[in-house]
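Number of protein chains: 2
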Amino acid sequence: MTLIKNRSELLGNSSSTSNREARELALKAIESAIEAVNPRKVITSRVSLSGDILKVDGRSFNLSRFKRVIVVGGGKAGGSMAEAIERILGDRIETGVVVIPHGTRDQYKTERIELHEAGHPIPDENSVEGARKIINLVSQTGEDDLVICLISGGGSSLMCLPRDGIPLQDKRRMTDLLLKCGANINEFNTVRKHISSFKGGSLVRKVYPSTLISLILSDVVGDPLEVIASGPTVADPTTFEDATYILRKYDIWDETPESIKRVLLDGLRGSIEETPKPGDPIFERVYNVVVGNNRLASRAALKELKKAGLNTVFLTSFMEGEARDVGIMLAALAKEVRASGSPVQKPAGIVVGGETTVTVTGTGKGGRNQEVALGAALKIDGLEDVLIASVSTDGIDGPTNAAGALADGYTIARSRRLNLNAEEYLRNNDSYNFFSKLGDLVITGPTGTNVNDISIVIVL
Amino acid sequence: MTLIKNRSELLGNSSSTSNREARELALKAIESAIEAVNPRKVITSRVSLSGDILKVDGRSFNLSRFKRVIVVGGGKAGGSMAEAIERILGDRIETGVVVIPHGTRDQYKTERIELHEAGHPIPDENSVEGARKIINLVSQTGEDDLVICLISGGGSSLMCLPRDGIPLQDKRRMTDLLLKCGANINEFNTVRKHISSFKGGSLVRKVYPSTLISLILSDVVGDPLEVIASGPTVADPTTFEDATYILRKYDIWDETPESIKRVLLDGLRGSIEETPKPGDPIFERVYNVVVGNNRLASRAALKELKKAGLNTVFLTSFMEGEARDVGIMLAALAKEVRASGSPVQKPAGIVVGGETTVTVTGTGKGGRNQEVALGAALKIDGLEDVLIASVSTDGIDGPTNAAGALADGYTIARSRRLNLNAEEYLRNNDSYNFFSKLGDLVITGPTGTNVNDISIVIVL
Chain B
178 MTLIKNRSEL LGNSSSTSNR EARELALKAI ESAIEAVNPR KVITSRVSLS GDILKVDGRS
238 FNLSRFKRVI VVGGGKAGGS MAEAIERILG DRIETGVVVI PHGTRDQYKT ERIELHEAGH
298 PIPDENSVEG ARKIINLVSQ TGEDDLVICL ISGGGSSLMC LPRDGIPLQD KRRMTDLLLK
358 CGANINEFNT VRKHISSFKG GSLVRKVYPS TLISLILSDV VGDPLEVIAS GPTVADPTTF
418 EDATYILRKY DIWDETPESI KRVLLDGLRG SIEETPKPGD PIFERVYNVV VGNNRLASRA
478 ALKELKKAGL NTVFLTSFME GEARDVGIML AALAKEVRAS GSPVQKPAGI VVGGETTVTV
538 TGTGKGGRNQ EVALGAALKI DGLEDVLIAS VSTDGIDGPT NAAGALADGY TIARSRRLNL
598 NAEEYLRNND SYNFFSKLGD LVITGPTGTN VNDISIVIVL
Chain Z
178 MTLIKNRSEL LGNSSSTSNR EARELALKAI ESAIEAVNPR KVITSRVSLS GDILKVDGRS
238 FNLSRFKRVI VVGGGKAGGS MAEAIERILG DRIETGVVVI PHGTRDQYKT ERIELHEAGH
298 PIPDENSVEG ARKIINLVSQ TGEDDLVICL ISGGGSSLMC LPRDGIPLQD KRRMTDLLLK
358 CGANINEFNT VRKHISSFKG GSLVRKVYPS TLISLILSDV VGDPLEVIAS GPTVADPTTF
418 EDATYILRKY DIWDETPESI KRVLLDGLRG SIEETPKPGD PIFERVYNVV VGNNRLASRA
478 ALKELKKAGL NTVFLTSFME GEARDVGIML AALAKEVRAS GSPVQKPAGI VVGGETTVTV
538 TGTGKGGRNQ EVALGAALKI DGLEDVLIAS VSTDGIDGPT NAAGALADGY TIARSRRLNL
598 NAEEYLRNND SYNFFSKLGD LVITGPTGTN VNDISIVIVL
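So the sequence lines, in the order shown, correspond to chains B and Z.
Counting the first sequence from 1 gives a position; our numbering is that position plus 177.
Counting the second sequence from 1 gives a position; our numbering is that position plus 177.
Identical copies look the same in the list; a pair holds intra-copy or inter-copy alike.
Simulated crosslink set (DSSO-like; lysine-lysine; CA at most 30 Å straight-line):
1) K310 / K218
2) K244 / K232
3) K483 / K523
4) K454 / K426
5) K480 / K523
6) K426 / K542
7) K484 / K523
In case anyone wonders, no lab produced these hints; they're calculated from the structure.
Model, not experiment: these values are computed from the prediction.
I would like the entire structure built from these sequences, with the hints used as guidance.
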């Protein structure tokens with residue numbers, strides 16, 4: 178594994194033998210974590226074919242019972258997932274369409290599955306075309322067919338099919354309104370699902386009565402299936418009433434495009450179909466399987482630390498909250514290990530997964546993970562046995578070229594020697610420039626996967 | 178123990194048998210935590226007398242070697258600590274002075290130790306008189322005497338002795354300037370110690386060459402001895418140069434009272450004495466002993482949960498950061514217990530200690546712990562097996578009559594039925610009114626001790 182591109186620089190910045198050891202361990206753990214959720218690997222390790230028996234995460238499907246196998250789906254990891262599933266099923270796959278971001282098709286080679294490029298993070302006409310191709314394909318399937326759907330982050334934008342009568346620009350306008358009004362992610366999704374013919378389980382309407390296996394690489398904390406790629410294969414408990422209520426609650430009904438108002442009002446009157454609800458018989462042959470998530474990555478990091486002889490704890494894959502405060506919290510964990518051997522004795526390795534947020538008030542450059550590291554650095558100043566690293570598993574932390582950063586008990590002292598005021602950098606949300614000057618950014622480039630963020634605390 | 182006054186109301190709010198069980202457990206754990214750091218109890222359990230042998234936290238002092246035993250000190254727990262030490266040493270104590278807050282003397286009964294009342298949290302002339310009485314007393318001691326000093330939170334204000342030539346009002350003005358300019362607690366203390374004849378180890382100059390045992394009840398996260406009550410018995414590594422630099426750094430030198438400028442400039446010139454530094458021989462016979470701290474309280478809570486059969490983890494006594502984000506973090510811990518049995522299997526009890534902060538932007542009423550609980554409540558909505566409680570061990574959370582609050586998987590649903598918008602209450606820093614309406618404040622009244630805050634996560 179040579180995932181981390183500036184490994185030698187990071188090791189060169191070691192301040193002691195034991196600090197170098199901590200850095201090596203952290204980098205190895207990060208690489209193992211990201212490698213564990215490589216889209217190819219998660220498909221290969223959760224899906225296998227033996228004779229006619231397709232095993233998916235412990236459940237068996239006898240392929241001889243199916244006439245055709247069709248592969249659909251989309252997301253940023255779609256290309257790798259498609260390659261992996263072709264490698265397993267080969268010419269058992271009759272055909273397929275998977276939607277991937279513009280400019281990435283050349284990286285992949287598939288025989289049976291068409292890789293269709295579309296817009297991300299803003300959907301374009303290709304996104305609509307991609308979703309339509311998928312709908313057309315699955316609409317031709319019957320009871321004897323098996324549809325395999327590959328879902329990963331970005332799928333919501335890449336596969337986009339507004340309800341009849343809603344132009345794409347109106348859908349985009351609605352997205353803008355929802356983002357700006359302060360609606361939370363659940364409210365946002367409730368509206369989105371009700372103006373779509375694809376999201377919120379709507380895809381399943383077209384797949385039914387075929388059997389559907391949805392292989393999901395989760396990019397949302399806690400793996401809420403209805404949220405990942407807006408849940409095209411998952412029942413939707415929300416209603417047209419909910420969607421309309423949200424637009425009124427945030428006082429954006431008047432600004433809502435006419436085409437969308439019309440759909441929502443038709444929905445309220447019952448003249449167009451609701452999204453399919455939990456308990457709907459169309460979900461009887463639907464198998465949603467999370468093949469990769471933050472926990473899988475976190476546990477791989479943990480295993481690496483354990484292998485090196487550390488006493489380890491995996492705390493959570495649900496970490497959320499303001500990045501700098503999560504950094505403070507990680508420091509608090511390290512301090513207790515040093516002071517009392519809780520929750521584990523030295524040498525200790527603690528892994529925390531999730532995704533933090535940054536409330537931007539400054540004008541600097543940074544990312545969630547870099548700010549976690551900077552928040553931590555200020556609290557572990559002088560604790561020479563402590564190292565805290567935080568990275569985004571997609572390799573892209575905020576609008577920067579770094580995956581994250583590495584902080585240790587020497588960070589603040591080193592920054593002072595360079596005349597950097599760490600508190601000032603934090604105040605200005607300028608974590609990127611801070612760690613860039615120290616040479617302690619962690620740089621991987623885009624990794625092709627995304628299961629949010631991993632933070633590692635090492636006390637040697 | 179009947180520390181929690183609204184216990185029956187809190188249990189009456191149970192939403193299920195198992196929720197009631199979780200509530201009972203949480204309240205018991207909170208009571209055990211606070212009881213464990215009762216000032217009487219911490220003195221009694223760390224200090225004992227057997228014949229002539231005084232044992233203090235494992236170290237033995239032969240009282241027959243000392244001519245006189247003198248007790249001094251101060252802090253909010255001073256009255257209880259004085260009573261406890263009298264109960265142990267009785268008429269072995271020759272005399273003593275301990276400074277306690279105004280209006281509390283009637284609660285205590287001491288025979289040998291004078292309880293002197295003074296101002297808190299703002300020092301007054303009685304604070305100066307109290308510090309002077311102590312200095313006079315210890316100045317008369319010699320090599321053959323033993324001085325026992327009782328230190329607890331509030332001591333900094335209760336025992337206040339500005340350097341010669343600095344009127345009390347100038348010292349107060351300086352405190353105001355430092356609080357407003359954005360100096361951190363270390364910078365604040367650096368200046369304070371250099372304008373005091375008592376803080377920053379200066380008391381030890383007067384005690385020397387007597388033996389000094391300082392019994393410290395820590396009200397500061399991490400027990401930094403030089404910070405608790407401004408460390409009258411602890412060496413001070415900071416200098417007049419540092420103090421002056423800080424006033425210039427925050428651009429408040431010009432506003433600094435003339436009397437203080439004069440002292441600092443004299444200090445820079447070396448014409449008045451520095452605070453005593455680490456390694457100074459006057460500290461050779463000084464024994465600073467932390468008799469109670471957050472960890473002691475946290476471990477008592479943990480023990481209570483363990484006794485009830487829960488799988489327990491004590492995470493840290495160093496928790497800091499924005500209160501609502503710490504609440505989110507506690508929720509993240511509960512979610513992972515439910516999802517994967519990490520860091521421990523259900524039924525689980527996790528204890529986290531420390532002290533959070535609240536960045537006030539709203540106009541509501543609340544406290545750190547109530548905001549921790551509200552932040553958590555929003556993230557555990559619907560998780561019926563989860564309960565998160567957070568309390569201040571002094572029983573006074575922010576400017577409220579509550580010690581903290583209790584949140585569970587039913588909190589948000591119950592608040593909705595009362596037409597309360599939890600997010601709005603949080604935005605307005607109005608956690609007190611939110612939990613007050615739910616009847617889920619935890620009310621103890623002032624507990625007479627303070628080792629910061631304890632949060633408890635229970636998943637049944």
